[in-house]
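Asks: The primary structure of each chain is shown beneath.
2 protein chains.
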Amino acid sequence: MGKILVKHFSISIDGFGAGLSQSLENPLGIYGTDLHKWAFVTKTFRTMIGESGGTEGVDNGVFHNTFKNVGAVIMGRNMFGPIRGNWKDVEWKGWWGENPPFHVPVFVLTHHERESMEMKGGTTFNFITSGIKSALEEAKKVAQGKDIVIGGGVSTIRQFLEAGYIDEMEISLSPVFLGSGENLFSGIDMRKLGFNKIVRTVGEGATHFVLTRD
Amino acid sequence: MGKILVKHFSISIDGFGAGLSQSLENPLGIYGTDLHKWAFVTKTFRTMIGESGGTEGVDNGVFHNTFKNVGAVIMGRNMFGPIRGNWKDVEWKGWWGENPPFHVPVFVLTHHERESMEMKGGTTFNFITSGIKSALEEAKKVAQGKDIVIGGGVSTIRQFLEAGYIDEMEISLSPVFLGSGENLFSGIDMRKLGFNKIVRTVGEGATHFVLTRD
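Each protein sequence line maps, in turn, to chains A and B. Using our numbering, the letters of the first sequence map in sequence onto residues 7 to 220. Using our numbering, the letters of the second sequence map in sequence onto residues 7 to 220.
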């Protein structure tokens with residue numbers, strides 16, 4: 007069996023995993039891109055978006071590792087797109103274009119039904135209206151023993167954490183303040199949840215922590 | 007003129023600068039000592055408490071730097087001791103014994119008047135009942151142009167931050183969760199306060215950030 011993981015999820019010094027006011031122009035909310043600067047400059051990221059160059063140090067290794075042994079991805083609706091309510095605009099196919107970087111089945115949590123979509127490169131988007139437990143069961147069916155990644159955003163990760171489903175969590179602390187936004191750990195007692203094994207890895211642009219349970 | 011600083015103030019990944027339930031046995035609250043492990047193992051700290059040995063790396067340098075160019079210290083009453091209300095027990099002379107590690111005038115914020123105390127090694131404890139602005143004015147009078155350090159705890163630092171008095175802040179992020187306690191930045195928008203210059207220094211046991219204003 008694979009594990010249920012959060013991978014390279016970036017937070018600010020003040021604990022925010024996304025800024026306020028997510029929109030088409032600001033997919034990560036106001037100042038949200040500051041969180042991910044460490045990843046954007048890596049060779050792995052630049053290759054993903056069809057650019058050359060990029061750093062090849064510790065941060066690149068951490069970011070590259072994100073895509074290893076992944077069997078399925080679960081994400082919240084806000085991570086999939088800025089549209090709210092019914093899927094009026096069924097043309098929306100995620101932020102990532104025709105060939106998304108997942109290459110595995112992706113399960114999108116939503117309150118509104120929608121047909122599955124097959125994208126290029128092996129990514130399928132499946133829409134789950136029956137909650138996180140169902141999403142996990144569906145993901146397990148197709149993950150072929152590989153890991154299931156809880157991709158985000160903050161609210162989705164918090165739900166999985168509080169339900170006790172997460173085996174391991176990898177967070178990346180960026181040296182920035184957001185000031186406001188969605189706080190990842192506020193009101194969640196990670197110590198009580200058992201995440202007391204903490205390994206730090208220092209990257210060029212962020213400090214990474216792998217959190218596992220006792 | 008010296009600056010008004012917070013120096014090497016330790017927080018957890020989940021943002022807490024002290025645990026719950028401070029007491030005589032737990033001066034830093036439950037799990038609070040975990041925050042300071044990085045400092046406790048340094049040569050500077052071990053020398054302070056009369057022990058030999060200790061590390062001499064980056065963390066030691068950061069901790070050693072804490073005591074440089076300090077003209078006065080301001081602290082909250084909880085940092086001075088576990089006693090609340092009137093100073094019934096005037097025998098209490100702080101956590102640090104007869105020769106406290108400050109060696110300069112210390113101003114303790116309290117609602118209850120008390121006579122100043124002269125300790126060994128140049129530390130004096132002065133009790134200020136008229137608020138943080140008065141404490142700052144008194145500290146400036148005696149600091150001889152050196153820096154004034156806001157020592158803590160969390161509530162005191164937050165008051166000085168929100169009043170706009172802090173020029174520079176040095177925090178040390180320890181790779182631990184506290185789960186509960188006093189959160190340093192919760193509800194404080196450091197970006198709006200202007201703390202957008204952030205320099206990271208990686209120590210052996212903690213990740214240090216120097217925060218200055220634009």
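Fair warning: there could be bad hints in the mix.
As the list claims (entries may be wrong) - 27 Å max Cα-Cα, derived DSSO-like pairs, lysine-lysine:
1) A:K49 with A:K74
2) B:K74 with B:K94
3) A:K198 with B:K43
4) A:K9 with A:K152
5) A:K126 with A:K198
6) B:K43 with A:K43
7) B:K126 with A:K203
8) B:K43 with B:K198
9) B:K126 with A:K43
Said to hold, decoys possible - Over 10 Å on every C-beta distance to chain B, these chain A residues come out as not near it, computed from the model:
10) T61
11) G67
12) P107
FYI, nobody ran anything at the bench for these hints, they're computed from the structure. Built from N, CA and C at the ideal position, the CB exists for glycine as well.
Asks: If a hint holds in the structure, say so; if it doesn't, say that too.
Replies: Against the structure, the hints:
Restraint check: the Cα-Cα separation between K49 of chain A and K74 of chain A comes to about 16 Å, which is no more than 27 Å; the hinted pair holds. Proposed proximity of K74 of chain B and K94 of chain B is contradicted: the alpha carbons are some 35 Å apart, above 27 Å. Restraint check for K198 of chain A and K43 of chain B: the C-alpha separation of about 21 Å stays at or below 27 Å, so the hint holds. A distance of roughly 7 Å separates the Cα atoms of K9 of chain A and K152 of chain A; the hinted pair therefore holds under the 27 Å criterion.
Taking the CA atoms of K126 of chain A and K198 of chain A, the gap is about 42 Å. The hint is violated against a cut of 27 Å. For the suggested pair K43 of chain B and K43 of chain A, the alpha carbons sit about 30 Å apart, so the restraint of at most 27 Å is broken. For the hint linking K126 of chain B to K203 of chain A, the alpha-carbon distance of about 42 Å lies beyond 27 Å, and the restraint is violated. Distance restraint check for K43 of chain B and K198 of chain B: the Cα-Cα separation of roughly 32 Å exceeds the 27 Å cut-off, and the hinted pair is therefore not satisfied.
Using a Cα cut-off of 27 Å, the hinted pair K126 of chain B and K43 of chain A is violated, with the two alpha carbons roughly 50 Å apart. Under the 10 Å C-beta cut-off, the non-interface status given to T61 of chain A relative to chain B holds; the minimum distance is some 16 Å. No beta-carbon of chain B comes within 10 Å of the beta-carbon of G67 of chain A; the shortest separation is about 16 Å. The claim that P107 of chain A lies off the interface holds: its Cβ sits roughly 27 Å from the closest Cβ of chain B, which is beyond the 10 Å cut-off.
Comparing the model with each numbered hint stated earlier shows that hints 2, 5, 6, 7, 8, 9 do not hold.
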